[in-house]
Amino acid sequence: MLNSLHVEGRTWLHRLPAAPKLFLLAAVSLVLFFVQSPVVLALVLLLAGGVYTSLGLPAREALKRIRPVLITILLFALINLVLVSPQEALTTTLRLLSVLLLAASVTATTTIAAFMDVLAKLFLPLERLGLLKAADISLAVGLVLRFVPEIAARYEGLKEAHRARGLPLRIHRVLGPLIISTLKDADTIAEAIDARGIRGQ
Amino acid sequence: MTTRDLVLAALFTAIIIVLGLIPPVTLGFIPVPITAQSMGVMLAGTIIGARRGALAYGLLVLLVAIGLPVLSGGRGGLGILMGPTAGYIAGWIIGAFVVGMIAERFVREGQSTVRQMAGFFIASVIGGIVVVYAIGMPVVSLIAGTPFSKVIMGSLAFLPGDLLKAAIATLAARAVMVGYPLLPQKA
Numbered sequence: 001m002l003n004s005l006h007v008e009g010r011t012w013l014h015r016l017p018a019a020p021k022l023f024l025l026a027a028v029s030l031v032l033f034f035v036q037s038p039v040v041l042a043l044v045l046l047l048a049g050g051v052y053t054s055l056g057l058p059a060r061e062a063l064k065r066i067r068p069v070l071i072t073i074l075l076f077a078l079i080n081l082v083l084v085s086p087q088e089a090l091t092t093t094l095r096l097l098s099v100l101l102l103a104a105s106v107t108a109t110t111t112i113a114a115f116m117d118v119l120a121k122l123f124l125p126l127e128r129l130g131l132l133k134a135a136d137i138s139l140a141v142g143l144v145l146r147f148v149p150e151i152a153a154r155y156e157g158l159k160e161a162h163r164a165r166g167l168p169l170r171i172h173r174v175l176g177p178l179i180i181s182t183l184k185d186a187d188t189i190a191e192a193i194d195a196r197g198i199r200g201q
Numbered sequence: 001m002t003t004r005d006l007v008l009a010a011l012f013t014a015i016i017i018v019l020g021l022i023p024p025v026t027l028g029f030i031p032v033p034i035t036a037q038s039m040g041v042m043l044a045g046t047i048i049g050a051r052r053g054a055l056a057y058g059l060l061v062l063l064v065a066i067g068l069p070v071l072s073g074g075r076g077g078l079g080i081l082m083g084p085t086a087g088y089i090a091g092w093i094i095g096a097f098v099v100g101m102i103a104e105r106f107v108r109e110g111q112s113t114v115r116q117m118a119g120f121f122i123a124s125v126i127g128g129i130v131v132v133y134a135i136g137m138p139v140v141s142l143i144a145g146t147p148f149s150k151v152i153m154g155s156l157a158f159l160p161g162d163l164l165k166a167a168i169a170t171l172a173a174r175a176v177m178v179g180y181p182l183l184p185q186k187a
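Each protein sequence line maps, in turn, to chains A and G.
As numbered in our numbering, residues 1 to 201 make up the first sequence, in order.
As numbered in our numbering, residues 1 to 187 make up the second sequence, in order.
Just so you know, not all the hints are guaranteed correct.
Estimated spans, in silico, between C-beta atoms of each pair [to be verified]: (1) F148(G) <-> D187(A): 45 to 53 Å; (2) A134(G) <-> G142(A): 29 to 37 Å; (3) P184(G) <-> S37(A): 36 to 44 Å; (4) P181(G) <-> L158(A): 19 to 27 Å.
Since the hints were derived computationally from the structure, they do not count as laboratory data.
Beta carbons are placed, not taken as given, at the ideal position from N, Cα and C, and that holds for glycine.
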């Protein structure tokens, strides 16, 4: 139901460990923010495009992944063309497109497990301060992934029930029952987690 | 944070994801289809309260970051978090917290229906609209380079739809308050 946006592969970007990859992405995005020259930004975009295409995704799939943000960026490009100078509109658009392609490349080449390892390390200082437990984060992520299909099935059930009674499906009628029936399970799930000592208290 | 609070937050994250999977629905009385997911901030705050609501949204953003297509229309991945609309996504977490804070303060069991609904509606408008836009709009201006005053003007177009979402969230929050109250026992 929820397929990760990671794609299997053996490119150099796949082999690069997640932590330096994410650090590099953050650093490059930050530096690009201060670059004003359209020539330099165009070169960076060319490079970012090279990185993204080097992943070998089929053209349709490659476009589909970046389409939502691409549309937003192009929309702002059009608006900016009217509101600010053409050069400014060009530099922001080139910059945003570069960041988008680089970010999409990192997402496509990093597994969920690798991301979670980096997150656990990032949360370690907070854990030392006693603010949260890194293990809780992965437990919560696991719970979400486990229950999405179940809640979706519950929604389908509510839809069927409406149809059986000849009622048109309206979101304000479905939300209440969907949320109540889902959250009612919380106690049982919490008891099951504590009974197994998963959070180790 | 008890295990139950953690589970409630995670279940709510899952609900928000499912609301993004269902196709946009029309409401009958207005012709424009709306995505149910966009009501999530208001629902999270009014139904599970400030801390759990913010946690539910923190989890959602985390799932986006690790590359799961959990946002409506199958959106996800780092590109979303680094694009012009990144501020709104950060605003969701704080917005859910503020919705919850206001709802926890003003809505109690045993109040009249009208008072409860008024409390939920005000909480949804302040936390779910004012706070989210207050964080989202400057970031749009900063990242996309569009003048701030124009961003405000453009955002006004979304206001009627957002008020309608606040009204629907209010109905849902009241239904849950009657059927299975969670807000009073805050985390």
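Verification of the hints:
| no. | hint | result |
| --- | --- | --- |
| 1 | F148(G) <-> D187(A): 45 to 53 Å | 47 Å, holds |
| 2 | A134(G) <-> G142(A): 29 to 37 Å | 34 Å, holds |
| 3 | P184(G) <-> S37(A): 36 to 44 Å | 58 Å, violated |
| 4 | P181(G) <-> L158(A): 19 to 27 Å | 21 Å, holds |
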